[in-house]
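Q: Chain by chain, the residues run as shown.
Protein chains: 2
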Amino acid sequence: MTTRKEDFSKWYLETIQKADLMDYAPVRGNIIFKPDGYEIWEHIQDAMDSRFKEEGVRNAYFPMLIPEHFFNKEKDHIEGFAPELPWVTEAAGEKLEERLALRPTSETIIGDAFGKWINSYRDLPMVINQWANVFRWEKRTLPFLRTSEFLWQEGHTAHSNPEEAMARTMRMLDVYEEVVEGVLAIPVFKGEKTPSERFAGAEHTYSIEAMMQDGKAVQAGTSHYMGTKFAEAFDIKFLNMDNEHVHAYTTSWGVSTRLIGALIMTHSDDQGLVLPPAVAPVQVVLIPVGPWQKNPAILEKIEALQAELKAQGIRTRIDDTDERPGFKFNEWEMRGAALRVEVGPRDLENQTAIVKARDVDEKHTVAFDDFAQFIQTELDTMQSRLLEAARERQQAHIYTDIETLDELEAHIQSKQEAGELPGWVLAGWDGTEESEALIKERTGFTTRNIPFDGMVEPKTRCIVTGQPAKATVWLARAY
Amino acid sequence: MTTRKEDFSKWYLETIQKADLMDYAPVRGNIIFKPDGYEIWEHIQDAMDSRFKEEGVRNAYFPMLIPEHFFNKEKDHIEGFAPELPWVTEAAGEKLEERLALRPTSETIIGDAFGKWINSYRDLPMVINQWANVFRWEKRTLPFLRTSEFLWQEGHTAHSNPEEAMARTMRMLDVYEEVVEGVLAIPVFKGEKTPSERFAGAEHTYSIEAMMQDGKAVQAGTSHYMGTKFAEAFDIKFLNMDNEHVHAYTTSWGVSTRLIGALIMTHSDDQGLVLPPAVAPVQVVLIPVGPWQKNPAILEKIEALQAELKAQGIRTRIDDTDERPGFKFNEWEMRGAALRVEVGPRDLENQTAIVKARDVDEKHTVAFDDFAQFIQTELDTMQSRLLEAARERQQAHIYTDIETLDELEAHIQSKQEAGELPGWVLAGWDGTEESEALIKERTGFTTRNIPFDGMVEPKTRCIVTGQPAKATVWLARAY
Chain A
1 MTTRKEDFSK WYLETIQKAD LMDYAPVRGN IIFKPDGYEI WEHIQDAMDS RFKEEGVRNA
61 YFPMLIPEHF FNKEKDHIEG FAPELPWVTE AAGEKLEERL ALRPTSETII GDAFGKWINS
121 YRDLPMVINQ WANVFRWEKR TLPFLRTSEF LWQEGHTAHS NPEEAMARTM RMLDVYEEVV
181 EGVLAIPVFK GEKTPSERFA GAEHTYSIEA MMQDGKAVQA GTSHYMGTKF AEAFDIKFLN
241 MDNEHVHAYT TSWGVSTRLI GALIMTHSDD QGLVLPPAVA PVQVVLIPVG PWQKNPAILE
301 KIEALQAELK AQGIRTRIDD TDERPGFKFN EWEMRGAALR VEVGPRDLEN QTAIVKARDV
361 DEKHTVAFDD FAQFIQTELD TMQSRLLEAA RERQQAHIYT DIETLDELEA HIQSKQEAGE
421 LPGWVLAGWD GTEESEALIK ERTGFTTRNI PFDGMVEPKT RCIVTGQPAK ATVWLARAY
Chain B
1 MTTRKEDFSK WYLETIQKAD LMDYAPVRGN IIFKPDGYEI WEHIQDAMDS RFKEEGVRNA
61 YFPMLIPEHF FNKEKDHIEG FAPELPWVTE AAGEKLEERL ALRPTSETII GDAFGKWINS
121 YRDLPMVINQ WANVFRWEKR TLPFLRTSEF LWQEGHTAHS NPEEAMARTM RMLDVYEEVV
181 EGVLAIPVFK GEKTPSERFA GAEHTYSIEA MMQDGKAVQA GTSHYMGTKF AEAFDIKFLN
241 MDNEHVHAYT TSWGVSTRLI GALIMTHSDD QGLVLPPAVA PVQVVLIPVG PWQKNPAILE
301 KIEALQAELK AQGIRTRIDD TDERPGFKFN EWEMRGAALR VEVGPRDLEN QTAIVKARDV
361 DEKHTVAFDD FAQFIQTELD TMQSRLLEAA RERQQAHIYT DIETLDELEA HIQSKQEAGE
421 LPGWVLAGWD GTEESEALIK ERTGFTTRNI PFDGMVEPKT RCIVTGQPAK ATVWLARAY
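As given, the protein sequences belong to chains A and B, one line each in that order.
347 is the number that UniProt numbering gives to position 347 of the first sequence; each next residue is one higher, with no gaps.
390 is the number that UniProt numbering gives to position 390 of the second sequence; each next residue is one higher, with no gaps.
Hints are computed from structural coordinates only; laboratory data are not their basis.
Please note that a few of the clues may not be correct.
Any copy will do: because identical chains look the same in the list, a pair fits if it lies in one copy or spans two.
Straight-line distance between alpha carbons at most 25 Å, and here's what the computed SDA-like set of lysine to any residue pairs gives [what the hints assert, rightly or not]:
id, residue 1, residue 2
1, K328, M241
2, K18, D269
3, K95, P83
4, K459, F368
5, K116, F327
6, K139, W87
7, K190, G80
8, K237, Q413
9, K470, P195
10, K310, D76
11, K356, F368
12, K139, E97
13, K73, A396
14, K459, T400
15, K139, P67
16, K10, F327
17, K328, V127
18, K10, G215
19, K116, T141
20, K18, D123
21, K310, G419
Work out the full structure, taking the sequences as your base and the hints as a guide.
A: As structure tokens, then:
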């Protein structure tokens with residue numbers, strides 16, 4: 001196996017295949033989500049969806065095929081997405097009169113529906129989400145992180161006033177942060193994207209950004225405030241309380257299966273997957289050791305322990321194949337079982353089991369009587385420990401004292417020579433696209449987002465021009 | 001509102017729109033699943049998916065786009081599906097070298113993956129399901145029952161021997177029966193489809209068939225035994241225990257959003273939706289009555305009652321809008337709230353609430369102290385009552401004593417003249433496609449399925465030719 005240090009990208013591709021999360025599909029840029037990979041997505045969906053419902057969001061489903069003329073209604077939107085669209089041009093043996101796009105996102109078709117459904121302030125707010133497949137035909141693809149077809153949720157809302165729309169935009173960003181940190185154990189930085197990185201057609205785009213173990217950033221979720229731009233394009237108007245026909249304010253927000261990629265690149269190690277218990281397909285694997293085939297009481301005990309865990313809703317697996325224990329240990333480390341439990345003849349005699357968490361070396365000897373309680377606590381502890389470890393790595397790789405582009409270049413070079421990560425850099429920015437472009441050209445770093453007020457110590461000078469900074473931005477290489 | 005008696009089709013289309021389940025989409029034959037419509041699907045998904053998991057099924061996700069040459073590998077399959085395929089021919093501004101079909105079903109792409117993944121008997125059985133959108137560009141469409149894009153699950157399995165594959169085929173048909181009868185309260189007839197009605201490429205297709213209130217049949221779920229046909233087409237071979245490379249035996253099985261259509265056509269009435277509590281988006285609507293705005297204690301009590309129900313996991317809504325109670329009653333009858341609870345000043349004084357189930361006229365006066373318990377029991381009672389009522393209608397419209405095609409024609413004509421339903425007819429069949437075609441031509445009835453042994457009294461003579469019957473079939477008009 002390639003190590004992370006040797007070649008992070010190669011390590012990533014090897015790991016997700018050996019851990020049986022995915023396979024390549026016959027059409028370029030597409031992957032198959034194998035059961036373990038898909039189950040991680042199911043746990044992410046459950047966590048997101050239950051929180052959405054608490055926030056008053058209702059699910060719906062809109063058609064995947066979008067008529068070409070819909071895209072032309074919002075100029076920025078079509079400019080942003082046109083280069084990546086696949087088109088259906090024939091069906092049932094006939095050429096279509098109008099091309100139909102495979103949705104890259106659904107603002108247009110949902111905007112059209114909102115235009116029909118919303119007539120009065122009584123119809124607002126409208127707060128809808130859909131879980132769906134979407135398509136972006138990109139040149140460079142990477143499993144989970146950037147594929148031609150991917151799975152996501154997209155929330156779409158309409159409101160009677162800008163304050164409420166903005167509050168929804170920010171609230172959903174908070175929900176993303178809660179789930180990505182609380183369930184995926186990935187620490188994130190929240191902030192606003194710069195205008196050049198905005199969603200095509202948005203007035204403001206906000207993101208949560210996560211740092212991978214190679215120091216690169218993954219945009220882990222976005223929330224967009226559209227103002228009245230889509231309402232104007234799709235005629236989403238309502239009669240307000242003053243009896244005037246006015247445009248609604250809309251938002252949209254999404255997370256996708258790229259979270260699976262971020263999850264792997266955040267926690268996993270050279271032995272394979274490390275998964276937070278909250279999303280691990282196997283939370284506890286139970287393995288008989290020693291000459292267990294000769295003593296049926298061992299497997300019986302293991303089955304009894306499994307039953308205790310199942311009763312608590314813990315996802316378990318018994319590995320009673322004929323392989324050597326060492327082989328099994330490696331296999332379940334590769335596949336990211338959160339905890340491993342071993343029971344052999346001596347353990348049975350002592351009425352204890354050995355418990356080992358995937359992310360630490362130490363083993364615990366646990367009395368059968370305390371077993372289920374210990375496992376539950378250990379799963380919780382591991383969940384917190386992974387978030388803490390990721391946060392420590394994140395904090396160890398941020399740099400806030402780089403003031404000029406020359407310093408940034410020197411920083412990157414010295415880190416590279418030392419075999420260390422250049423990490424993320426907090427920088428002043430004069431607010432121009434030219435400065436952003438120059439940073440990218442000279443360093444490969446791009447603006448990730450502008451932290452919200454109070455989150456960081458603001459920089460006063462632009463890292464490129466030395467002019468007064470309009471904003472303070474996170475800079476990093478990104479996936 | 002049109003009544004069922006006046007025009008069943010018109011009643012159906014009006015009902016699903018007034019109840020806010022769907023809207024038409026801009027692309028022909030497509031619909032939007034609005035939140036109440038989609039929530040019914042979510043409850044169906046939950047019920048199916050949890051049972052699948054108990055049966056050892058794991059979810060995965062395969063790409064939607066299927067290369068054209070995949071379809072050509074199984075001759076019957078391409079013949080069956082080619083006429084309905086939409087094709088992607090361009091993407092990202094370029095013409096594709098090979099056309100890509102929007103999946104109508106995934107036997108081909110999953111067969112290709114199974115061919116790669118399965119090498120040894122140790123890899124079997126492989127038991128996988130996916131929840132996905134699929135496309136069939138059909139000429140005549142009907143919301144939920146037949147749309148260009150629809151949502152479904154498709155299970156795909158591979159086995160080392162025919163017995164195990166057949167057992168899986170039958171087991172999943174049983175699961176469908178359990179959910180459709182137990183959760184959707186739709187009684188079904190199980191059986192095998194005739195060869196002309198088989199899934200394209202299957203050796204045997206089994207179905208559950210439901211009778212709608214207009215007497216027509218809906219095929220509510222199918223399970224297919226493929227033998228080695230797809231294994232041969234996609235080279236799904238494994239090394240068996242005798243060290244021989246042999247083909248695997250495969251199955252597939254699916255239910256779709258057409259179940260929503262079947263649900264409406266089974267239970268709903270001229271006042272709107274009637275939904276089994278298990279899938280009703282609103283199980284209990286609580287409505288304050290009398291001069292409730294003047295007495296805040298009424299709404300407070302309603303909120304307290306709601307809290308009790310929520311604690312039991314019951315889906316509730318309070319309607320405290322300013323509309324008249326009569327208006328609200330009609331509205332929630334239209335939308336299919338299972339139970340309605342009224343609390344007014346006198347009820348508050350008596351410490352009681354009025355409870356009315358959607359499907360019966362009688363009202364119950366229930367003491368607050370017994371409220372939550374009563375509601376739970378009443379929901380269960382209503383669930384059973386709907387299944388019972390549907391079964392009675394089904395049994396009242398089956399005819400088992402029609403022996404010739406002339407008698408069948410006379411039966412249909414006399415029922416039509418009496419304004420009654422021709423229903424379903426159990427008939428002997430000589431096993432020829434010619435007889436099936438003649439039945440359809442003369443009566444519009446088609447073979448639904450061949451009941452399993454012991455389910456019906458077998459017929460001895462073919463209804464068309466009078467020759468000895470090879471099988472006994474259900475005949476009906478169908479959606």
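Q: Which hints from the list above does the structure break, by number from lowest to highest?
A: 4, 8, 10, 13, 21
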